[in-house]
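**Student:** Could you build the full structure based on these sequences and the hints that come with them?
Single-letter residue listing:
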Amino acid sequence: MGNDGGWRHGARRMMAVACAGVLLLSLTGCASTPKPAPTSSSPTAAPIFASDEEALAAATEAYANYLRVYDSGWANGPSHMATYLALSTGEAHENEVASLAKWEADGWYATGTTTFDSMRLQSVELEKGVQKVRTYLCLDISQGDVLDSNGNSVARPDRPLRLPLEVDFDAKSPEPTDLRISRSDVWSGKNFC
Amino acid sequence: MVRQKLLLGVLLASIISLPSMSPVAAAGACSVSDGQTGACQGVEAAVGDSGVDVSAGWEVTTPGSEAGGDRGDGGFGGGQPNGNASGNSYGNSDGGGGDGLPEGVSFVPGEDGRDSGDAASGPGQPTRRFDDPVPVPGVPADPAAPACVPQTPCDPALVVRVRDLVSIEADQPVQGMEPNGWLVVGIPTNFYASAAVHLSSGPLLGSPAEVRFTPVGYTWDYGDGTSGSSAAGGASWAAQGLPEFSETTTSHVYESTGTLTIGLSVAYAAEYRFAGGVWRSVDGLLEVPASPMTAIADRAGTVLVAEACSANPGGPGC
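Line by line, the protein sequences give chains R and C. Start counting the first sequence at 1; every next residue gets the next number (our numbering). Start counting the second sequence at 194; every next residue gets the next number (our numbering).
The hints are simulated quantities; they were obtained by calculation from the structure and are not laboratory data. Treat the hints loosely; a few may be bogus.
What the hints assert, rightly or not - With a straight-line Cα cutoff of 25 Å, these simulated SDA-like cross-link-like pairs (lysine to any residue) come out:
id	chain 1	residue 1	chain 2	residue 2
1	R	Lys132	C	Gly221
2	R	Lys132	R	Ser51
3	R	Lys132	C	Arg473
4	R	Lys172	R	Ser182
5	R	Lys172	C	Val471
6	R	Lys128	C	Thr345
7	R	Lys102	R	Leu67
8	R	Lys128	C	Trp472
9	R	Lys102	R	Ser79
10	R	Lys128	C	Ser474
11	R	Lys102	R	Asp140
12	R	Lys172	R	Leu85
13	R	Lys132	R	Lys172
14	R	Lys172	R	Gly129
15	R	Lys102	C	Val236
16	R	Lys132	R	Leu67
17	R	Lys128	C	Gly221
18	R	Lys128	C	Glu464
19	R	Lys172	R	Gly90
20	R	Lys102	C	Gly235
21	R	Lys132	C	Val471
22	R	Lys172	R	Glu127
23	R	Lys132	C	Ala350
24	R	Lys102	R	Pro157
25	R	Lys102	C	Gly221
26	R	Lys132	C	Trp472
27	R	Lys128	R	Arg180
28	R	Lys128	C	Val471
29	R	Lys102	R	Ser149
30	R	Lys128	C	Arg473
31	R	Lys132	C	Thr345
32	R	Lys102	C	Gln234
33	R	Lys172	R	Ala64
34	R	Lys128	R	Thr89
35	R	Lys128	C	Ala350
36	R	Lys172	R	Glu54
**Tutor:** Shown next, in the form of structure tokens:
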């Protein structure tokens with residue numbers, strides 16, 4: 001460990017030189033720095049949202065509507081869940097279709113209301129030509145329950161009532177109604193809810 | 194031994210029966226309905242401090258590494274951290290308000306000028322990236338736009354080394370042996386380890402990240418001055434369908450008696466990703482030691498003869 005200091009100073013000096021280099025490159029407008037990833041979209045696609053704020057607002061409204069439709073769908077019976085399922089796409093859609101199919105087979109249904117809060121923007125970006133809005137949010141299921149056909153709760157008693165989620169939206173336009181939930185995963189890091 | 198076998202049988206049976214229990218969501222996925230039933234996996238307890246633990250005392254790479262130390266060396270020739278990096282990287286529309294960062298990551302207040310291009314920042318760090326080279330009106334992509342600081346998540350050439358994983362730990366492997374706690378000189382003793390692919394999360398280079406650890410090598414210190422390595426962790430005789438005291442790929446034959454301290458170190462390969470991006474490999478392997486085991490090496494027959502060999506050196510087994 002004795003020569004750590006020297007080594008680290010050296011590295012820091014190299015770092016400073018490298019930074020200066022990057023700065024110069026960006027100053028001269030040299031395009032060589034970040035190459036587009038192979039997965040990037042066609043360069044002609046234009047961003048949909050004019051600002052992060054607009055994207056976050058649209059995502060907030062879209063998710064609020066998503067939960068509203070979920071709750072009201074159950075209030076009207078399982079056959080009304082099609083509207084809810086139409087609000088998701090891709091992986092999230094498939095997962096929810098699979099879950100609800102099992103619920104229906106078992107005669108389960110949800111009651112109460114689900115809410116969310118603390119939505120934050122993670123990123124707004126074009127990916128393979130699709131405008132993605134990635135967010136973090138806290139899903140609150142404390143005001144709801146899942147019951148079987150006899151009215152007994154089938155929810156795990158130890159389930160977390162506030163879930164930290166990463167939710168992605170695919171946006172076709174800046175209109176909240178054109179945002180579809182495409183991914184809904186538990187944030188596996190420290191629970192921020 | 195019979196009792197141990199029975200216990201093992203019960204254990205195996207319970208492991209096998211686990212998947213048939215109540216359904217759980219696919220790892221990570223958590224729809225609203227999954228959340229309601231409690232089927233969402235991987236939610237951390239809301240309290241606690243997963244994360245900022247600098248006890249990475251086992252890293253084995255390169256000289257000069259020190260927990261939390263320098264991560265700014267070299268490495269400008271790698272892949273791209275998020276698969277979607279592109280020219281324009283600017284953002285942090287509200288850089289400051291980082292209350293409630295999920296990882297306890299402390300972004301320095303007022304850091305706005307430092308790096309607004311975090312390709313994959315956590316909550317509270319919104320970023321905005323477009324693959325479109327045409328800048329958004331009113332946001333000129335000129336040199337005044339802050340550039341990505343090298344060796345931060347937005348750097349397409351980011352190289353993450355094992356020593357950067359200061360706050361993200363791999364699970365400690367567990368080792369086992371047969372017979373348990375004792376062994377017979379001259380006859381194979383079977384060693385095995387439980388280590389599996391697993392995920393861990395925490396701050397990496399200042400941003401919330403996930404790291405996936407995959408065990409790739411097992412090294413035993415047999416405690417008799419010898420050691421052995423294996424690419425596999427081994428398994429119990431029963432699990433391998435072998436008779437007791439069989440030779441296995443992870444067995445060892447001791448030559449002399451004594452009390453032994455047996456150590457195991459598992460080498461994990463690591464991959465990282467930021468905020469659901471693509472997995473990228475971490476340079477180097479992380480060596481994680483298991484808790485040592487103590488065992489007594491004895492000769493077979495010691496306890497079987499009628500009298501102590503010292504009293505009757507000519508007795509059977511002496």
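**Student:** State for each hint whether it applies.
**Tutor:** How the hints compare with the structure:
no.	hint	result
1	R:Lys132 <-> C:Gly221	holds, 19 Å
2	R:Lys132 <-> R:Ser51	holds, 13 Å
3	R:Lys132 <-> C:Arg473	holds, 21 Å
4	R:Lys172 <-> R:Ser182	holds, 12 Å
5	R:Lys172 <-> C:Val471	holds, 24 Å
6	R:Lys128 <-> C:Thr345	holds, 24 Å
7	R:Lys102 <-> R:Leu67	holds, 20 Å
8	R:Lys128 <-> C:Trp472	holds, 18 Å
9	R:Lys102 <-> R:Ser79	holds, 14 Å
10	R:Lys128 <-> C:Ser474	holds, 23 Å
11	R:Lys102 <-> R:Asp140	holds, 22 Å
12	R:Lys172 <-> R:Leu85	holds, 17 Å
13	R:Lys132 <-> R:Lys172	holds, 9 Å
14	R:Lys172 <-> R:Gly129	holds, 10 Å
15	R:Lys102 <-> C:Val236	holds, 22 Å
16	R:Lys132 <-> R:Leu67	holds, 20 Å
17	R:Lys128 <-> C:Gly221	holds, 23 Å
18	R:Lys128 <-> C:Glu464	holds, 24 Å
19	R:Lys172 <-> R:Gly90	holds, 14 Å
20	R:Lys102 <-> C:Gly235	holds, 21 Å
21	R:Lys132 <-> C:Val471	holds, 15 Å
22	R:Lys172 <-> R:Glu127	holds, 12 Å
23	R:Lys132 <-> C:Ala350	holds, 23 Å
24	R:Lys102 <-> R:Pro157	holds, 20 Å
25	R:Lys102 <-> C:Gly221	holds, 19 Å
26	R:Lys132 <-> C:Trp472	holds, 19 Å
27	R:Lys128 <-> R:Arg180	holds, 16 Å
28	R:Lys128 <-> C:Val471	holds, 14 Å
29	R:Lys102 <-> R:Ser149	holds, 13 Å
30	R:Lys128 <-> C:Arg473	holds, 20 Å
31	R:Lys132 <-> C:Thr345	holds, 22 Å
32	R:Lys102 <-> C:Gln234	holds, 18 Å
33	R:Lys172 <-> R:Ala64	holds, 18 Å
34	R:Lys128 <-> R:Thr89	holds, 15 Å
35	R:Lys128 <-> C:Ala350	holds, 21 Å
36	R:Lys172 <-> R:Glu54	holds, 14 Å
Taken one by one, the earlier hints all hold for this structure without exception.
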